[in-house]
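Colleague: Join these two chains into a complex; the hints should help.
Chains A and B, in that order, are what the protein sequence lines are.
Heads up: the first sequence runs through residues 1 to 246, numbered per the numbering used here.
Heads up: the second sequence runs through residues 1 to 241, numbered per the numbering used here.
Derived from the structure by calculation, the hints contain no laboratory data.
These numbers come from a predicted model, not from an experiment.
Part of the chain B face toward chain A, derived, beta carbon under 7 Å:
#, residue
1, G119
2, I127
3, G128
4, L129
5, Q133
6, Q142
7, W218
8, D224
9, D228
Each pair of labels, with its calculated beta carbon distance range:
#, chain 1, residue 1, chain 2, residue 2, range
10, B, Y131, A, Y63, 18 to 24 Å
11, A, K231, B, L41, 55 to 61 Å
12, B, G84, A, D112, 51 to 57 Å
13, A, K23, B, A48, 34 to 40 Å
14, B, E55, A, N6, 37 to 43 Å
15, B, F78, A, D112, 56 to 62 Å
16, A, N6, B, Q133, 28 to 34 Å
17, B, I50, A, N6, 30 to 36 Å
18, B, V47, A, K224, 47 to 53 Å
Ideal Cβ placement from N, Cα and C applies to all residues, glycine included.
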Amino acid sequence: MLEVKNIHKSFSKSPVLRGIDFKVEKGEVVAVIGPSGSGKTTLLRCISFLEKADEGEIVFDEYTHDMVHISKRDIKKVRMNMGFVFQSFNLFSNMTVYDNVMEGLVTARKMDRCEARKKTFEVLEKVGMLDKTKNYPGELSGGQQQRVAIARAIAPDPKVILFDEPTSALDPELTGEVLDVMKKLAKEGTTMVVVTHEMGFARDVASRVVFMENGVVVEEGKAKELFENPKEERTRQFLSAMSKHE
Amino acid sequence: MSDRLVDILVTSFMRILIPGIKVTIPLTLLSFLLSLVIGLLLALVQVANIKGLKEFARFYIWIFRGTPLIVQLFIIFFGLPSIGITLDAFPAAVLAFGMNLGAYNAEVFRSAIMAIPKGQLEAAYMIGLNYPQAMARVILPQSFPVAFPNLFNNLISLLKDTSLAASITVIELFTSAQQIAARTYEPFALYCEAALIYLIFSTALTWLQNWIEKKLVWKSGENDKDKDADCGCGRNKAMVG
Ligand SMILES: Nc1ncnc2c1ncn2[C@@H]1O[C@H](COP(=O)(O)OP(=O)(O)O)[C@@H](O)[C@H]1O
Ligand SMILES: [Mg+2]
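Just chain B, same shape as in the assembly (with noise of 0.2 Å):
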């Protein structure tokens, strides 16, 4: 390897990374965050049945599951404007996402959710729970971990694929290679840094997701807390653990 490349390598890890960092990262964290909130909903309105909204739920999925996302990103960017909607290359790019992988996660949760053994919402019913109550207190809290491990991956796939975002003028990592790739005429070396820096990210939310993992048992550990403790009902502490 020449000195010249090195020293191209080395100048321009820095300035491939802090683009990852300041665009990248957050790009895909708000997507995830919106793809969490519209895949929550869309799994709620089907498993509680709802007229309406249930066959919307299923058009909305058809419908971005059935199209490429780099279409659909044009279509919110290049597209809205024709029609009167202008949004900025960055938030256009965060709905896409957002929008495309609340689709996927849609199912994830729909399927953790119907994992859960029936006799948890009918014991849940049997002490009184309406269904609202149950499925906040007892179905979802157990659907989470049975779902964390495919949401962990679809955040993965999604921080390789906001590299699309370089197609709508979003400078983010991907968009930061190119441009020093065409000045110093090093493509190969430069899309492999760029592709070690993803691989950088990705590995670390490798480990976040095993980490995280280990943390959703629900096992009773030595110094929990007594929530209730200051109700002084007459009972002393020892009794609860």
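Chain A on its own, in the form it takes in the complex (with noise of 0.2 Å):
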């Protein structure tokens, strides 16, 4: 579903990413989870193409690009099949609610205003945002721009959902919300790659996660096999600094 091959990425020669393998089957949701620094976010942004690998091969919806070659017409076009949803939620400020949700729909895939406006409401009603739709992201909550955020991203039913750490920019009262919708999302059968410091979220809610540090995978596999019974002394640290913090 998603595959992507030896990525390699540089920031002016200090190397943050070295050589990642990383998969998605359909359905799954893979937690990314590692001290911070270790290129998560790196990660993600090379998999959007919002930066440029060095390096690497992505193999996604059945097409194989080369991460460095590839043309802004297939960028595009693998975009359209992707979700994004910033740690800083990005919500279009000129935007009402309504009008950030409908965008990717009516202007960037030209789907008909009323199709797009039953969509918009559908996905709205999903992240309990339909009593905001004319608010603009200035006079929500973080909490709700966040799940309008999501809403967003799931409006075009893409084939994948990558997450920033959703809610390490919200207060601690306010992550719940968030995370309420991300399970449910998950139970629907939604594809996605969480990158995120909420070990509970990992621990019950992923099928795999895979733990990140110095731009390396260390360690993946089934969430309650990596958070039981790490095979790595790395993996084992670094859970159990984790949860001294919980």
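Modeller: Given below as structure tokens:
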């Protein structure tokens, strides 16, 4: 469904991703965990071409692309089937909640406005934001903004949705409402890649967990196995450090 | 103040105000419009990094900001005829002011566009918009309120600078004051009167600026319309607000 092979990426000579291989099957929820600075955000940004990898290959939607020499047209084709939820929400501040969700349907996909409207209401209902359709992002709490951002990402029915620490910019009391929405999506069989520091979410919701450090995948496996019985010493250390935080 | 002077000031007020309204204001507005178009284009080719056009934009800005406005005015009105391009005074003035301010507004637009957080463009890409769509739908609408105060300051400067058009025979506010001053031998009073009328115009613009700036915040209102209400997709209006 989505596979990336051997991604390398350096920022001004310092390597951030050092040969990442990574695979997501349809309907899977993959949690990516790891200390900050390990390259998790960069990985998602390379997969979505917000950052250009120095080397690597992506297989998505049955097409294989060289991540360095991919054309603008192919990048757009990939993005049309990919949702992205940012740490800092990035809702369009010049548009209402309703228009934020409509935009990808109407402007990017030329969907009929009435059909797009139906879809927009459907996803806003799913994230519990139907009562705020006319509000602007600046009038919403962080949790509400992130829920709208999720609605915007799922509205075009993408094949996979990438989440980059969707709750880490939120006050602790607001993370629950966002995680609940994500759990709902997972239950519906949405394919998701979730970079997160929420170990509870990774353990209970993810089907697979990938532990990254220093730009490499240290260990990956079924969520339950990785949490209960990590093979690598580094994974064990990280998990125990994280559990002290909770 | 003598009765004669009062008399001159009263009768000349209209004679200065009318060319002000009929010439200075259209000259200001047309030049400003031209400067907005030029400024936006010059800013866009720079932020979009279009080879060739970007260098042209830098060159244009270098020339128009690096030379005096009055010299540009003279080149266009007195200079161009010698290479076969003759313009009337008014269009020559619009062209000179518009092209000159275009260079300044290009910088205003450019820095406003650069001030929009990078995440907005990235989010636009990730919902499937291409660069022109992202610019038109997300980045430019957000840049406009950022650019607005500086654009408006430039408009107010332009209003005053249009008095330079007097030097290329445009009969505008200041020219009219000059003519009356020459006839009545009361330059002090007449030029003060001209200054007062400019002050009235620029004060009105400042009020307009404050009023518009209040409207440039994105806030939901009580009676916002539901754009797609007539779709009848089985949802009632209550759900949109
Ligand atoms: N645009 C950039 N320019 C330079 N260095 C960057 C950039 N983005 C990330 N980095 C560096 O790459 C490393 C990995 O960052 P990141 O992918 O954000 O890690 P994580 O998301 O796991 O915390 C960090 O050391 C960070 O400083
Ligand atoms: Mg990160």
